[in-house]
Amino acid sequence: AQSVTQLDSQVPVFEEAPVELRCNYSSSVSVYLFWYVQYPNQGLQLLLKYLSGSTLVKGINGFEAEFNKSQTSFHLRKPSVHISDTAEYFCAVEGNTGFQKLVFGTGTRLLVSP
Amino acid sequence: DGGITQSPKYLFRKEGQNVTLSCEQNLNHDAMYWYRQDPGQGLRLIYYSQIVNDFQKGDIAEGYSVSREKKESFPLTVTSAQKNPTAFYLCASRGQGFYEQYFGPGTRLTVT
Numbered sequence: 005a006q007s008v009t010q011l012d013s014q015v016p017v018f019e020e021a022p023v024e025l026r027c028n029y030s031s032s033v034s035v036y037l038f039w040y041v042q043y044p045n046q047g048l049q050l051l052l053k054y055l056s057g058s059t060l061v062k063g064i065n066g067f068e069a070e071f072n073k074s075q076t077s078f079h080l081r082k083p084s085v086h087i088s089d090t091a092e093y094f095c096a097v098e099g100n101t102g103f104q105k106l107v108f109g110t111g112t113r114l115l116v117s118p
Numbered sequence: 008d009g010g011i012t013q014s015p016k017y018l019f020r021k022e023g024q025n026v027t028l029s030c031e032q033n034l035n036h037d038a039m040y041w042y043r044q045d046p047g048q049g050l051r052l053i054y055y056s057q058i059v060n061d062f063q064k065g066d067i068a069e070g071y072s073v074s075r076e077k078k079e080s081f082p083l084t085v086t087s088a089q090k091n092p093t094a095f096y097l098c099a100s101r102g103q104g105f106y107e108q109y110f111g112p113g114t115r116l117t118v119t
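So the sequence lines, in the order shown, correspond to chains A and B.
Numbering follows my numbering, in which position 18 of the first sequence is assigned residue number 22; successive positions increment by one, without gaps.
Numbering follows my numbering, in which position 93 of the second sequence is assigned residue number 100; successive positions increment by one, without gaps.
To be clear, the hints were calculated from the coordinates, so they are not data collected in a lab.
We put the beta carbon where it would ideally sit given N, CA and C, even for glycine.
One or more hints might be untrue.
What the hints assert, rightly or not - If you want the ones that stay clear, here's a sample from chain A, every Cβ over 12 Å from chain B, calculated:
no., residue
1, Gln10
2, Glu19
3, Val23
4, Arg26
5, Gly47
6, Leu50
7, Ser58
8, Asn72
9, Ser74
10, Gln75
11, His79
12, Arg81
13, Pro83
14, Asn100
15, Val107
Stated by the list, open to error - Sample of chain A residues at the chain B side, in silico, Cβ under 10 Å:
no., residue
16, Ser13
17, Phe38
18, Gln46
19, Lys62
20, Thr101
21, Phe108
What the hints assert, rightly or not - Computed footprint of chain A on chain B; a stretch qualifies when at least three of its residues, placed anywhere within it, have a C-beta under 8 Å from a C-beta of chain A:
no., segment
22, 52-65
23, 102-116
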């Protein structure tokens with residue numbers, strides 16, 4: 005089974021500042037990793053995913069994440085945030101053998117202020 | 008436009024009543040999922056279906072039921088046996104050969 009820990013429930017940041025949202029996972033098998041974004045009262049939208057290969061993954065809206073197998077982490081970064089990035093961000097993990105469930109972290113609320 | 012629709016957006020029911028949440032997709036995806044979202048708890052899997060006429064319990068299936076009679080549709084019934092049904096419910100789907108799930112806009116259910 006897999007589990008995901010998002011270490012920060014809320015991250016306040018000023019507009020145009022850089023941000024990092026942290027995600028750690030545990031799994032006994034190799035994994036696929038995902039970051040999703042949720043705007044208020046909406047569904048989830050995929051930001052980016054890591055399946056294999058290059059450990060630096062680029063996604064939509066200027067976000068990127070780095071897979072670190074030794075530290076079992078998949079932190080999300082953006083060099084300069086906008087007000088419109090205010091949302092909830094979810095890290096998720098799925099084992100890559102056979103049918104595996106997608107397991108979500110508890111989310112990090114990113115609050116961007118002017 | 009391909010996507011997942013969930014209706015209604017907001018739903019209000021009295022305690023003791025069953026209620027059915029709709030989920031329809033026109034993405035031709037084989038797999039469909041239902042999640043429940045509560046504040047501070049992330050998403051938890053209720054039921055999933057990998058093909059028509061087959062579905063499996065997720066982590067919190069008690070008090071819920073589903074059907075999968077058509078590829079496009081995966082309705083969720085919240086029964087009176089569900090102790091705490093007030094939540095935000097999200098439907099998702101995944102196509103064969105794809106790794107990510109696509110989510111609908113969600114239904115917010117309030118039971119009083």
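Hint-by-hint comparison with the structure:
no., hint, verdict
1, Gln10, "violated (8 Å)"
2, Glu19, "holds (26 Å)"
3, Val23, "holds (20 Å)"
4, Arg26, "holds (15 Å)"
5, Gly47, "violated (4 Å)"
6, Leu50, "violated (5 Å)"
7, Ser58, "holds (16 Å)"
8, Asn72, "holds (20 Å)"
9, Ser74, "holds (23 Å)"
10, Gln75, "holds (21 Å)"
11, His79, "holds (17 Å)"
12, Arg81, "holds (20 Å)"
13, Pro83, "holds (24 Å)"
14, Asn100, "violated (9 Å)"
15, Val107, "violated (8 Å)"
16, Ser13, "holds (7 Å)"
17, Phe38, "holds (6 Å)"
18, Gln46, "holds (6 Å)"
19, Lys62, "violated (15 Å)"
20, Thr101, "violated (13 Å)"
21, Phe108, "holds (4 Å)"
22, 52-65, "holds (count 4)"
23, 102-116, "holds (count 9)"
Hint check: violations occur at hints 1, 5, 6, 14, 15, 19 and 20; the rest are consistent with the structure.
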